[in-house]
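**Student:** Chain by chain, the residues:
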Amino acid sequence: MDAQVVQILQLTLNGISIGSIYALVALGIVLTYKATEVLNFAYGDILMMSAFIGWGLIVVAGIPFWPAALITILIAAMLGYFLDRHVMRTIVGQPQFAGVMLTIALAFMLRGLVSMGFGPTSRSYPTPWTGHITHIGPIVVTDLNLVILAAALIVTALLFLFLRYTQLGVAIQASSQNQLAAYLCGIRVKRLNSFVWALTAAMAAVAGLLLAPIALVDISLWFVVLKGLAALVLGGFGSIPGAILGGLLIGLIEQFAGVYLPDGAKEMSAQLVLIGVLIFWPRGLLGEAHGRRV
Amino acid sequence: MRFAYDTSYSDAQQLLRYRSQWICYGALAIALIVAPWLLPAYYVGELSYLFIVSIASLALMVLTGFTGQVSLGHAAFMAIGAYTHTLLLDQGIGFIPSILGAATLTGFVGFIIGLPAIRVSGLYLAMVTLAYAMLTEQIIGRWKDVTGGFTGIPVSPPSLFGYDLSSLKGFYFLCLVILVAVLLGLINLMRGRTGRAFIGVRDSEAAAATLGIWVGGYKVLAFVISAFVTGIAGALLAHHLQFLTPDGFSVMLSMELVLMVVIGGLGSLRGAIFGAILIGMLPTLISKIKPLLPTSISSQFGLETFVFGLILALFVMFEPNGLNGRWLKLKILFENFPLYRRNTFRRGKTYMHSERYR
Amino acid sequence: MSYFSVDSVSLSFGGVRAIRDLSFDVAQGEVFAIIGPNGAGKTSVFNVITRVFNASSGRISFDGKDITHVPRHRIVDYGIARTFQNIELFEGAAVIDNLLLGRHRFPYGNLISEICWLPNIRRAEAESRARVEDIIDFLELAPYRNSLVSALPYGVRKVVELARALATQPKLLLLDEPASGLNPEEARDLAFWIDDIRSDLGVTVIMIEHDMSLVSQAADRVMCMNAGQVLAIGAVDEVQSNPTVISAYLGT
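Residue numbers (our numbering), protein chains in the order written: chain A, 1 to 294; chain B, 1 to 358; chain C, 1 to 252.
By construction, these hints were calculated from the structure, which means they are not laboratory data.
Keep in mind that this is a model prediction, so the values were computed, not measured.
Don't be surprised by glycine CBs; every beta carbon is placed ideally from N, CA and C.
Some hints could be false.
[What the hints assert, rightly or not] The following label-pair restraints were derived from C-beta to C-beta distances:
#1 C/13 - B/8: 44 to 54 angstroms
#2 B/166 - A/262: 33 to 43 angstroms
#3 A/173 - B/318: 26 to 36 angstroms
#4 B/301 - A/173: 41 to 51 angstroms
#5 B/8 - C/64: 32 to 42 angstroms
#6 C/69 - B/5: 43 to 53 angstroms
#7 C/133 - B/331: 20 to 30 angstroms
#8 A/120 - B/318: 26 to 36 angstroms
#9 C/188 - A/162: 52 to 62 angstroms
[Claimed, not checked] Cβ-to-Cβ under 8 angstroms is the rule here; a few derived chain C residues that face chain B:
#10 100
#11 101
#12 102
#13 108
#14 126
#15 168
Please model the entire structure based on the sequences and the hints provided.
**Tutor:** Put into structure tokens, the structure is as follows:
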């Protein structure tokens, strides 16, 4: 096969793999946003903290990967529940701006705690798939990338089933349509918000555990929240399928920009996409028009 | 309790209306003028830095506090002001034309960045400005021929009409004079027609439009004014730093500026200064406190970040009106001393209109 | 040609037609009321007049000028002011600043003189203040002059919004449900004020109102709308006794 085609296929696969992490991040943010009306700027830091916890459990405590991953996800979920129950709940009913500020404050605090606890050095931890390679025709794929893809698919599918077929999931959907109406129907919106935070924090932990082996366990992992935001905007802000599509596209754009565009384009591409889409096409791919009535 | 007793409509336009205000502000002015001779050199430098961040904080307050447009990327405007000023000085241009040129270019960039504000607002605007700031940082880092890239460039010392202002005292007064000028200009602007229009745009775009306020135009104008003033602050910061690298203008600086206006109290210029003083002094305070803490905490890097976050969280949760709100409450407490009611400032419970876009 | 006329205006959002081929005229110095069941398109009429929405077709003219395509923020320069159904005041500002904002359209100095607070700005501010104080006297708002809008009770906010509209010195005033949420006493005051606004200030008034006692007290003519169309226009008791109007309210 032509080398050019092989490269394109290779980049596509890598892009989809990294993009599925972005999609997970975007999914977590959009779920919090729709259910609790708060845009969680601390999401990247919850993810980063989970990666550090995972490193601590695997490397320092010597726990095997699977139990360590499970414990990390549980810890992250508890952290998410705690943050909503004891911090975010104090500002329910205040303007959106207060929510933005409070999540930024949380982001700072988590970042500070991690850097106080673990120091500024980067680390890495082994996974069962580290170093393994699979050949698909002429394309070489690390097993990690395949696992990432599979995990993202499983999480998305579980989330879909949960939102569609469980009472709790339907309650989340109702609350995300109209909190007051949901409350009047007997849904305990505040408790539900805490649950959503726990759920999305667990998703952040999954994304963090997957991202860390390919990116290193480092404070700068929180930057992935910006990729997630770009994915959200590209897919159409507030749309759950849009978040997934946007994440995959951002992953692809980054991979291709890194190879075919000048130096630096890879780092800037997500930001450029975000600005461009918001200015010229605020609805995004799958978004709905918005406006305010008088 | 004091009552305003006006005999003509121009009485209400006096900035200092009571003898007590004249005394307080007079005392403050004298204290600031004699400070460089009384304080140790280190604190004179710190004060100059506080003046610079106060200018930037005032600029962001115009945008976020008065016009209601969140900007998470103001460090980029500071960077553009700082680099332009440095490069213009290197061309042999005088201090005043150089700082004005830097501010004008920053204002023009503010115009470009403000254009999206006509179409997007709220969270979207926060994301656009954040992305813009990260882009600017990247571009400065990669445009090596002009900006020196990540290695940085030195800044020539400031001099005005042949006087060297690079001494601590000289730079102190330079910053103080510019801060006072910016503050007076912004006070006038915010109490006049433009400031009222900004508040109108912030509180109700629909009503503002029916009163003849061109909403999009004023949003962009707020960006231009804010960027212009931030450019001035950036140019001064260049002299304070004496060596420019892109790391000095990271997202962290943008966030610090946002912290200043939120903690100071949105919608008040006094609050912008309070916030700038508190946040600007925090790193120094923390470094003073560190020896008192157990080494396991004090030797780590994250303490400062953590404290920033903690302070912001406490203010958002318990005092959304910021330091300025606290100041007003204390003032009323003292003015009506025995008659103050605890519930004077209790907020009524209201249903929030959802501000979500979908 | 009449003073204010809406000529076969339609407004649709996608497939929904909020206003269908609506026409009516208002004479100078008249108080004209619009009534109709909820969702009849009354507020949409105001929104089309003040250019919040673009009319899909038709023409609106005022005082001999076509205002169908004027930019939204220019409408006030033609002498049209409005209030809103769900009060759109500037919550974070004092009452006096809200009213001064109503003076935005009047001449003022440029940005530089504003920054330096030059004498021309001082004069313009004093002039605006004097005009606003007249309105404060007229609507008895003096006790609330320096209070924040967010601290005011609902009834007072309604009056402040009316005052802000008057501060633009309009020739035509659009009031969207001015009496909703007012107690009977406040509603009675409002009827007298509307009368004074018309007779003393010479302002033409169009108001959307459900309170029929206020309508019959203040309005010269009434238009009843349903489903975006005119059912009847005429004197209050004529319209009230019109069979199609009755059936629109009661159902058939």
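**Student:** All the hints need checking, so say for each whether the structure fits it.
**Tutor:** Hints, verified against the model:
Checked against the hint of 44 to 54 angstroms, the pair residue 13 of chain C and residue 8 of chain B passes, with Cβ atoms roughly 52 angstroms apart. Hint check: residue 166 of chain B to residue 262 of chain A, Cβ distance near 39 angstroms, so the stated range 33 to 43 angstroms holds. Under the hint 26 to 36 angstroms, the C-beta atoms of residue 173 of chain A and residue 318 of chain B, about 33 angstroms apart, fit the expected range. Restraint check, residue 301 of chain B to residue 173 of chain A: a C-beta distance of roughly 42 angstroms satisfies the suggested window 41 to 51 angstroms.
Our hint of 32 to 42 angstroms for residue 8 of chain B and residue 64 of chain C holds, since their Cβ atoms are close to 40 angstroms apart. Here the CB-CB span from residue 69 of chain C to residue 5 of chain B is close to 50 angstroms, well matched to the stated 43 to 53 angstroms. The supplied range of 20 to 30 angstroms is met by residue 133 of chain C and residue 331 of chain B, whose beta-carbon atoms lie about 27 angstroms from each other. Hint check: residue 120 of chain A to residue 318 of chain B, Cβ distance near 32 angstroms, so the stated range 26 to 36 angstroms holds.
A hinted range of 52 to 62 angstroms holds for the C-beta pair residue 188 of chain C and residue 162 of chain A, which are about 58 angstroms apart. For residue 100 of chain C, the interface hint holds, the least distance from its beta-carbon to any beta-carbon of chain B being 6 angstroms, beneath 8 angstroms. Look at residue 101 of chain C: its Cβ gets to within about 5 angstroms of chain B, closer than 8 angstroms, so that hint holds up. Hint status for residue 102 of chain C relative to chain B: holds, with the closest Cβ pair at about 6 angstroms, below 8 angstroms.
Taken as an interface hint, residue 108 of chain C checks out: its beta carbon lies about 5 angstroms from the nearest beta carbon of chain B, inside 8 angstroms. The beta carbon of residue 126 of chain C comes within 4 angstroms of a beta carbon in chain B, closer than 8 angstroms, and the hint placing it at the interface holds. For residue 168 of chain C, the interface hint holds, the least distance from its beta-carbon to any beta-carbon of chain B being 6 angstroms, beneath 8 angstroms.
Going down the numbered hints, you'll see the structure goes against none, and every one checks out.
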